[in-house]
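Asker: Position chain B with the ligands against the provided structure of chain A, taking the given hints into account.
The primary structure of each chain is shown beneath.
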Amino acid sequence: MIENFSVDHIDVYINGEKILDNLSFSVQPGEMLGIIGPNGAGKSTLLKVILGVIKPQNGTVEMTHSDTRPIVGYVPQSRAIDEEMPIQTWDFISLGLPHRIRPWLTKKDRILIKETMELTDTSRLAKKSIGKLSGGEKQRVFLAQALVRNPDVLLLDESTANLDPKAQEEITSLVQELCTEQHISTLFISHDIHLVAKYAHRVLYLTRGHYSVGRAQDIIENANMDVLYQPQHVHDALQTSVENRRYGG
Amino acid sequence: MLHYDFMQHAFIAGTIVAIMCGAIGVFVMARGLSFITHSFSHIGFSGASFATYVGWDPLEGLLLFTTVGALAIGRMGVKFFRREASISVMLSVFLGLGILFLSLSTQSGSFTSTILFGSVVGISSRDVWVIVVLTVVLLCLLTLGYKMLKFDSFDPVGAEAAGLPIRFISVAFLLLLSIGVAEAVQIVGALLVFALMTIPASTARHITQSVFKMIVVSAVLAVLGIWVGLTLSYMTNAPVSFYITAFEALCYFLALGWSSLKAKFQPIGT
Ligand SMILES: Nc1ncnc2c1ncn2[C@@H]1O[C@H](COP(=O)(O)OP(=O)(O)O)[C@@H](O)[C@H]1O
Ligand SMILES: [Mg+2]
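First to last, the sequence lines map onto chains A and B.
Just so you know, we're using our numbering here: the first sequence kicks off at 11 and counts up by one.
Just so you know, we're using our numbering here: the second sequence kicks off at 92 and counts up by one.
There are no misleading hints in this set.
What follows is a set of in silico ranges between Cβ atoms, one per label pair, in the way DEER data are often shown:
id: 1; chain 1: B; residue 1: L345; chain 2: A; residue 2: E187; range: 47 to 55 Å
id: 2; chain 1: A; residue 1: H19; chain 2: B; residue 2: F171; range: 32 to 40 Å
id: 3; chain 1: B; residue 1: F97; chain 2: A; residue 2: K137; range: 42 to 50 Å
id: 4; chain 1: A; residue 1: S36; chain 2: B; residue 2: F259; range: 29 to 37 Å
id: 5; chain 1: A; residue 1: Q240; chain 2: B; residue 2: L235; range: 49 to 57 Å
id: 6; chain 1: A; residue 1: G26; chain 2: B; residue 2: S351; range: 47 to 55 Å
id: 7; chain 1: B; residue 1: G254; chain 2: A; residue 2: E180; range: 26 to 34 Å
What the hints contain is simulated information worked out from the structure, not anything from laboratory work.
It should be emphasised that the depicted structure is a prediction, and the values quoted were computed from it without experimental measurement.
Quick reminder that beta carbons are idealized off the backbone N, C-alpha and C, glycines included.
Chain A extracted, bound-state conformation (with noise of 0.2 Å):
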């Protein structure tokens, strides 16, 4: 469990042009912070400074867990898979696994990816070929990657774009469960403002060179949203914020 997690007051540059602008929030254990905004906001640039890809030209990001260092699972926006290149599914989850040297899985590695695939319905996917896989079962075993290595930090990057709803639903409510389960801390980046507003404790909203962050009822109310989402959709988003409200403020 992570002890300690915010992103103090960073600036991101690339290329001369600036991204992200003194930038500060913090994350609890367990919490589930939605991240909202436009296309080039910096969203992903946030990620890949959190997991330290980028590094930030001023501000620092800190996380500080209790005993050791903490571990991040990362699910990026895009993946190229080579569909041609036959590995199976259990075996790309097993990449996931922390280790780095050991050229064999011990028979805890192998607990864990079973209970992985049991925890994210991949189970009977296990034998099959990952470039054979449907959008949604793709998306279900990258989660499982990321989540193999016990993470205290979950950043995922759009991972339900492409999903039918009911799979969008499936997917961001079981990563809830096991954040609050295992006080895995969450950064997920939507744009559905109904998936954010249902699921997330707190909201981030990011456009260029601004960016509030709070309870989701209030930065739906707040925030210019009209400029990304139908006004009805909004209502609706709204409603259904209210009845989550668990780490509001």
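Answerer: Frame of chain A, contents of chain B with the ligands only:
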């Protein structure tokens, strides 16, 4: 035939090189490096020619040129060299260089054909030792790097996301590959290393779905190819590389046929 020293040497060196080529080949295919492998063997050809020109052992020239080539390619990025144009430029330049060195040196034409098409008779017991030691080191490194290499080859985005040192993995693999190519050139020749590195792995891909089994199948097919090639070549005097490529190609088409048959007769819904 095995009571001849040279045949023993050919069998030992050939088998070991085949295991290595088969194993590395799976990652060559997964990383889309088949034509870079082909370029390495051409770089190796000019290295070997250079070695004879300055009076070194051919393997030394081969190793020098291919490893420097690997570092250069790694430095500039594999993406650049995957482009068709870059590959054709590289192939021609190094083939040309090789021809230049050969014409400058006093070696006979038989050396040229050995390096281009491979040879089974010229392998000394010292060569065998060098090949064995190099291959064992190579396979150990491959075993240690297996997990990371597999991750980066089959799921590059995921590997980067998981924080693996992908740049290092890429360069390290190119280096291993370049050493492997240098070794194999001596047995099957510069023009056909490519065949031994890519065909068995492609065949394996149609036979099995698991990465580890693919490596095993690929290595076995490569070894069988060498054995069949050496035996038939001994009996008929035709070049060993011809039999090796013919055997590997036959296996490939059989596997292709088998996998499409299997797909056809698979009951719907499974
Ligand atoms: N590697 C990169 N090179 C150049 N520009 C980039 C790179 N990565 C991101 N950007 C730019 O940064 C901005 C934010 O991108 P991104 O974080 O992917 O946005 P979002 O995920 O919110 O849609 C975009 O304008 C994009 O063009
Ligand atoms: Mg993005």
